[in-house]
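S.K.: Could you slot chain C onto chain P? The hints should help.
From first to last, the protein sequence lines are chains P and C. Position 77 of the first sequence, counting from 1, maps to 77 under the working numbering, and the rest follow consecutively. Position 125 of the second sequence, counting from 1, maps to 125 under the working numbering, and the rest follow consecutively.
Keep in mind the hints are simulated off the structure, nothing from the lab. Since this is a predicted model, take the numbers as computed values, not measurements. Just so it is clear, CB atoms sit at the ideal spot from N, CA and C, and this is done for glycine as well. Hints are supplied without guarantee of correctness; some may be wrong.
Pairwise CB distance ranges (calculated) [stated by the list, open to error]:
hint, chain 1, residue 1, chain 2, residue 2, range
1, P, V137, C, G126, 18 to 26 Å
2, C, V62, P, N88, 27 to 35 Å
3, C, K49, P, V39, 36 to 44 Å
4, C, E32, P, A90, 23 to 31 Å
5, C, S31, P, P93, 43 to 51 Å
6, C, E145, P, V39, 45 to 53 Å
7, C, N125, P, Q50, 18 to 26 Å
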Amino acid sequence: MKIIKTATILLTLIAGLGLGAAPLLCAQEHPLAKVNATVKASAIQIEMVQAGEVSPPAEFRVALYENLIQEMQKEGGFPKVFRDGDRNAADAPNLVILRTTVIGFKQGSELKRDVTTVGGATSITVRCQFTDTEGKVLLERNIEGRVRLIGDNLKATDDFAKKTAKLANENFSSDDKNSGYKNVI
Amino acid sequence: MIIRFERIALLSVLLSLGTLISVSQAQQAPSETEVVQVIGLTGVKQNTKGSLKVENGSLSFVYSKGNCNVLAASIQDVVTGRDSQRAVGGTVGTISRLAPYGGGTALSLLRTKLDIITIQYRDPNGGLHGAIFTMPVGKAELIKESLLAQGAHTSIASNEDSTAGPTQQSEAKEQQR
Numbered sequence: 001m002k003i004i005k006t007a008t009i010l011l012t013l014i015a016g017l018g019l020g021a022a023p024l025l026c027a028q029e030h031p032l033a034k035v036n037a038t039v040k041a042s043a044i045q046i047e048m049v050q051a052g053e054v055s056p057p058a059e060f061r062v063a064l065y066e067n068l069i070q071e072m073q074k075e076g077g078f079p080k081v082f083r084d085g086d087r088n089a090a091d092a093p094n095l096v097i098l099r100t101t102v103i104g105f106k107q108g109s110e111l112k113r114d115v116t117t118v119g120g121a122t123s124i125t126v127r128c129q130f131t132d133t134e135g136k137v138l139l140e141r142n143i144e145g146r147v148r149l150i151g152d153n154l155k156a157t158d159d160f161a162k163k164t165a166k167l168a169n170e171n172f173s174s175d176d177k178n179s180g181y182k183n184v185i
Numbered sequence: 001m002i003i004r005f006e007r008i009a010l011l012s013v014l015l016s017l018g019t020l021i022s023v024s025q026a027q028q029a030p031s032e033t034e035v036v037q038v039i040g041l042t043g044v045k046q047n048t049k050g051s052l053k054v055e056n057g058s059l060s061f062v063y064s065k066g067n068c069n070v071l072a073a074s075i076q077d078v079v080t081g082r083d084s085q086r087a088v089g090g091t092v093g094t095i096s097r098l099a100p101y102g103g104g105t106a107l108s109l110l111r112t113k114l115d116i117i118t119i120q121y122r123d124p125n126g127g128l129h130g131a132i133f134t135m136p137v138g139k140a141e142l143i144k145e146s147l148l149a150q151g152a153h154t155s156i157a158s159n160e161d162s163t164a165g166p167t168q169q170s171e172a173k174e175q176q177r
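Isolated chain P, as found in the complex:
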C-alpha cells in the first residue's frame, strides 16, 4: 500500500514537472521569435539584403532581394510592396519595413544533389526584422532557405522568399486583405 502511494506521488510529480516544463521548452525553441497578434499594415518596404557575419556574393544578395519582392507581391498579403529607397513609401499609412541580414550559409553541391538526390543541400540563413517607420521591432525571425533535391543554389533564395512571405502573411493584415476573396466564406 505504501509502495503504491509513493509511486502515485512520484508519477504526479513527474507529470506536473512535464506539463510545467513544456511551455518553457517550446519558448526556448525560437529565442528570437516574438509572437504578436496580427499587426495592421497596408504596405511594406523591403530593404536590400545586407551582409552580416558572412558576406555572400552580390548575385546572391540580389537574388534574395528580388525573390523577396516577387513573393511578397504574390503571397505577402500587402496591398503595396515598395522597393528599397522608393520615395512613394513615405506617404503609405501603416508602413512596415523589412530589413534582412545574411547570418549564415552552408555551401552544398549541385552535382551531389543531381547524382544522389540526398546529399549536397545548400542552406542560407537570414535574419528578418520587420519594423515600423520609427524603428520599433514588430517581428524578428531567422529564416532558412534550402535547396535539397534538385536545382541550383538560386532555389535556396526562392525557398527563403516563400517562407518570409508566408510569415508576413500570417503576422500582418490590411483592411484590403480582410475584405479580399481569401476571406470570403
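M.R.: Coordinates of chain C only, in the frame set by chain P:
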C-alpha cells in the same frame, strides 16, 4: 637623302595607321552578347534568354517578347562573378571562413561554367532594382567595362586589390559621393 626622307615618311605613316587601327578596335561598339536574364528585370520572366547590348548610355536587353532598357547612369553597382569571388576570397572571406554555419567559402549561385554579371540600379522613384545575367565565359568583364565607360558605377573595380573587402570598398564608394 631623298630616299631616307621617304623611308622616314613611310614609317611614320605606317606607325600612325597602326595606332589608328588599334584605337578604332578598342572603341568598337561592343556587339550583342547572348545572355540569360536570371532574375530582376521588371516585366521579364526568370531565366529568359535574350541579347545584351551597351550603347547610347544604356544597357539594353532584347528578348523574344520585347526589350528592356536600363540607363547606365542609374546603375549604382555593377559586379561580375569574378569580382564577387575576389571579394569573398579576400579579407572578408578569410574572416567569414571562421564564422558559424560553415560560412565563408564562395557561395556560387549557379553553375560555375558561366560568367555572371549583377547590376543594381534605381528607378525614377528611387526604388532599388537588381538584375542578374549569365553569359559565356569571358563576356562579363567586357560588358562591365562598357557600362562603366557610359556612366555606371561599381563597388569593386576590376583592377582593385583583392584583399580589400566589400565593406571597405563600399566605404570608399560612399566617400566618392
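S.K.: Are the hints correct? Go through all of them and say.
M.R.: Here is how each hint holds up against the structure:
Checked against the hint of 18 to 26 Å, the pair P:V137 and C:G126 passes, with Cβ atoms roughly 25 Å apart. Between C:V62 and P:N88 the C-beta distance comes to about 29 Å, which sits within the given range of 27 to 35 Å. Separated by about 42 Å at the C-beta atoms, C:K49 and P:V39 satisfy the suggested range of 36 to 44 Å. In this structure, C:E32 and P:A90 break the distance hint of 23 to 31 Å, their C-beta atoms being roughly 40 Å apart.
The hinted window of 43 to 51 Å between C:S31 and P:P93 holds, with their beta carbons roughly 50 Å apart. For the pair C:E145 and P:V39, the supplied restraint of 45 to 53 Å holds, since their beta-carbon distance comes to about 47 Å. Checked against the hint of 18 to 26 Å, the pair C:N125 and P:Q50 passes, with Cβ atoms roughly 22 Å apart.
Checked against the numbered hints above, the structure breaks only hint 4 and satisfies the rest.
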